[in-house]
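Peer 1: Each chain, written out:
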Amino acid sequence: MENKAALSAGERLIKSKRNRSLGELRGKILVTLCALIMITATVSVTIFLTVKGLQSFLVNHVSPIEFLTSTNWNPLADDPSYGALPFIFGSLAVTFLSALIAAPLGIGGAIFMTEIAPSWGRKVLQPVIELLVGIPSVVYGFIGLTILVPFIREHGTGTGFSILAGTIVLSIMILPTITTIATDAMGALPSSLREGSLALGATRWQTIRKVLLPAALPSLLTAVVLGMARAFGEALAVQMVIGNVRSLPASLLDPSATLTTIITLNMGHTTYGSVENNTLWSMGLILLIISFVFILIVRYLSSRRKI
Amino acid sequence: MNSKVADRIATGVFIAIAFIIVAILAALFSFILFRGVPQISWEFLTTPSSSVRAGGGIRDQLFNSIYILFITMLITVPLGVCGGIYMAEYAKPGKVTNFIRSCIEMLASLPSIVVGMFGLLVFVNTTGWGYTIIGGALALTIFNIPVMVRVSEDAIRSVPAEMKEASLALGITHWHTIKTVLIPSAFPGILTGAILASGRVFGEAAALLFTAGLSTPRLDYLDLNPFSETSPLNIFRPAETLAVHIWAVNTNGIMPDIREIANGSSAVLVLAVLIFNLLARWLGSAVHKKMTAGK
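Protein chains in written order, with my numbering: chain A, 1 to 307; chain P, 308 to 602.
Treat the hints with care, since some could be wrong.
[What the hints assert, rightly or not] A short list of chain P residues far from chain A (calculated; beta carbon distances all over 12 Å):
1. 320
2. 347
3. 348
4. 361
5. 381
6. 400
7. 464
8. 525
9. 526
10. 529
11. 531
12. 557
13. 561
14. 592
15. 593
[As the list claims (entries may be wrong)] Here are the computed lysine-lysine pairs in the DSS-like style, where the Cα-Cα straight-line distance is at most 27 Å:
16. 123(A) <-> 596(P)
17. 402(P) <-> 28(A)
18. 28(A) <-> 399(P)
19. 311(P) <-> 471(P)
20. 486(P) <-> 597(P)
[As the list claims (entries may be wrong)] Computed footprint of chain A on chain P, listed as stretches where at least three residues anywhere in the stretch have a Cβ under 8 Å from a Cβ of chain A:
21. 323–332
22. 349–358
23. 407–419
24. 483–493
25. 512–520
26. 572–584
Keep in mind that the hints were calculated from the coordinates and are not lab data. We put the beta carbon where it would ideally sit given N, CA and C, even for glycine.
My request is simple: use the sequences and hints to build the entire structure.
Peer 2: Pasting the structure below:
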């Protein structure tokens, strides 16, 4: 075995001499090219979507103020109006509400894995979280459609297609994101913090609440923001359960629509280049801008990380 | 309140949360599998789907999913691994590297529907291809490349520095060290990451709606000429994948057995993801064992 390894190492050396400088250059060019492709992809996504997204304002003269503040979305009327506020509101509502549900569960799960039962808890919960990540979003949507929507219909008012259904589906979807990052954050805390607090006679809960949570706060907020980013961009699962209506919802049990669901539904039905189609691209631009904002928030939070 | 009592209550709450998370997963899986697995039969997997009649299968959708996954990984893995090598070995700390890192971060956080819209704009309309497999695969590449780069970079960085230094000390050039020392050692990590990424690609639908389309032409599985219109291997044909099929059936399906088809397809999808997960764990550790303990 050793002999064989030595031989192959020798062969490798001999081979390497033959095309050393050429291979070196070629390798460097190859990987640099790949890095350039990534930059090109990012830049072209930004440029293409920005140019296309601004067309409705620049070419079709849809007022940006109306687009962002009017609640009247009626592109097919004789006097068409393009108010996307109900969809922007819907997107923000499901995003914040689902974060409100998923954040305590996710951070709680993370604390369970790192503080309460670091050995067996992690062994059980880690694969569970990984499997939850793996379930495709359409399957979440389908389950929501077959369980949640009928349940809400029977126990509440309306059709069951509602913000509430969308929120619940999304909270389950972003739960693993939040839990994973929060677990890393809690696990990265130096154990001297824990030991110091416990040595002073603090109970485990006091240690968690007064020492560990404040220390990990920026990272935990990062986890929540990344979860919100995922919720904000999710399209199909929400579209299947939220009802997709054009009006502002009055309660949690009312149907609603989000930017992503309207894009999903109407992109295929509208003619490419028409005003309505162009306003869908403007909504895409809003999605892009907001995902930038989420990145900026994450950057700001990670610069505030204390440990 | 006594601090010891508070401590007990808090512990109870955390245990309850962990229990809830496990219960959610158990409920989801048992729901999908108990309702879906009975629908899966050889016939279901090998009959073409029908848009009006009951009894349609998922043959074409399943094939499309696997084929698109294959082409996506064919593009993503080399690109991602090279990108990872660049970030781990060649990138010097500075503005350019920071910019690339921001680019990766941004690509990673793009909503998949936005990736789909970009694909529609560039790979469908600008190129004039229409809905194609290659368009879908390229959109999925954009969606997947940040994951692959990160996985490769982490795997390469976690190779012990001594191995690299020993190789360089023997007079072997940098690129050759990367090729013969770093990549083989990082291989298990990259493999695991690639398989997990495959699971993600397999279940992705939003990015494919506007790029690979919602329809599949009539396919002749005996026609293996990739340039023929009816060949399943043709990359310039529209292709509805399994995940897209589940969505389409639930949203605008008119066949009488929507529930059965959706149940069966979801179960196939979830089982595939489950297999990808198990395969990633098993293969990663098996390759690692073979490469480290054998010598």
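Peer 1: Now look at each hint and say whether the structure bears it out.
Peer 2: Hints and how they fare:
Taking the minimum C-beta to C-beta distance to chain A, about 7 Å, the non-interface status of residue 320(P) is violated against the 12 Å cut. Distance check for residue 347(P) against chain A: the nearest CB is about 15 Å away, which clears 12 Å, and the non-interface claim stands. For residue 348(P), the shortest C-beta to C-beta distance to chain A comes to about 20 Å, beyond the 12 Å cut-off, and the non-interface label holds. With a least beta-carbon separation of about 18 Å from chain A, residue 361(P) lies farther than 12 Å from that chain, consistent with its non-interface assignment.
With a minimum CB-CB distance of about 15 Å to chain A, residue 381(P) clears the 12 Å threshold, and the non-interface call stands. Residue 400(P), annotated as away from the interface, keeps every beta carbon of chain A farther than 12 Å; the closest lies near 15 Å. Once the 12 Å rule is applied to beta carbons, residue 464(P) is consistent with being away from chain A; the minimum gap is 15 Å. Once the 12 Å rule is applied to beta carbons, residue 525(P) is consistent with being away from chain A; the minimum gap is 21 Å.
Residue-level check passed: residue 526(P) sits 22 Å from the nearest beta carbon of chain A, beyond 12 Å. At roughly 31 Å from the closest C-beta of chain A, the C-beta of residue 529(P) stays outside 12 Å, upholding its exclusion from the interface. With a cut of 12 Å on Cβ distances, residue 531(P) stays outside the contact zone with chain A, its closest approach being about 30 Å. Its closest Cβ contact with chain A, about 6 Å, brings residue 557(P) to no more than 12 Å, contrary to its assignment away from the interface.
The non-interface label for residue 561(P) is consistent with chain A: the shortest C-beta to C-beta separation is roughly 16 Å, beyond 12 Å. Separation of residue 592(P) from chain A is adequate, the least Cβ-Cβ distance of about 14 Å exceeding the 12 Å criterion. Every CB of chain A lies more than 12 Å from the CB of residue 593(P), the least distance being 18 Å, so the non-interface label holds. Taking the CA atoms of residue 123(A) and residue 596(P), the gap is about 21 Å. The hint holds against a cut of 27 Å.
A distance of roughly 19 Å separates the Cα atoms of residue 402(P) and residue 28(A); the hinted pair therefore holds under the 27 Å criterion. Only pairs whose Cα atoms come within 27 Å are accepted, and residue 28(A) paired with residue 399(P) is accepted, the gap being roughly 13 Å. A C-alpha spacing of about 53 Å is found between residue 311(P) and residue 471(P), which places the hinted pair above 27 Å, so the restraint is violated. Straight-line distance between C-alpha atoms of residue 486(P) and residue 597(P) comes to about 19 Å, which keeps the hinted pair within the 27 Å bound.
Check result for the segment 323–332 of chain P against chain A: holds, 7 residues qualifying (beta carbon to beta carbon below 8 Å, three or more required). For the segment 349–358 of chain P, the proposed coverage by chain A is not satisfied: 0 residues have a C-beta within less than 8 Å of a C-beta in that chain, short of the threshold of three. Counting residues of the segment 407–419 of chain P whose C-beta sits closer than 8 Å to any C-beta of chain A gives 11, which meets the bar of three, so the coverage hint holds. For the segment 483–493 of chain P, the stated coverage by chain A is satisfied: 4 residues place a CB nearer than 8 Å to a CB of that chain, which reaches the threshold of 3.
Evaluation of the coverage hint for the segment 512–520 of chain P: fulfilled, as 4 residues show C-beta separations to chain A shorter than 8 Å, against a requirement of three. With 7 residues bearing a CB less than 8 Å from a CB of chain A, the segment 572–584 of chain P meets the requirement of three and the coverage assertion stands.
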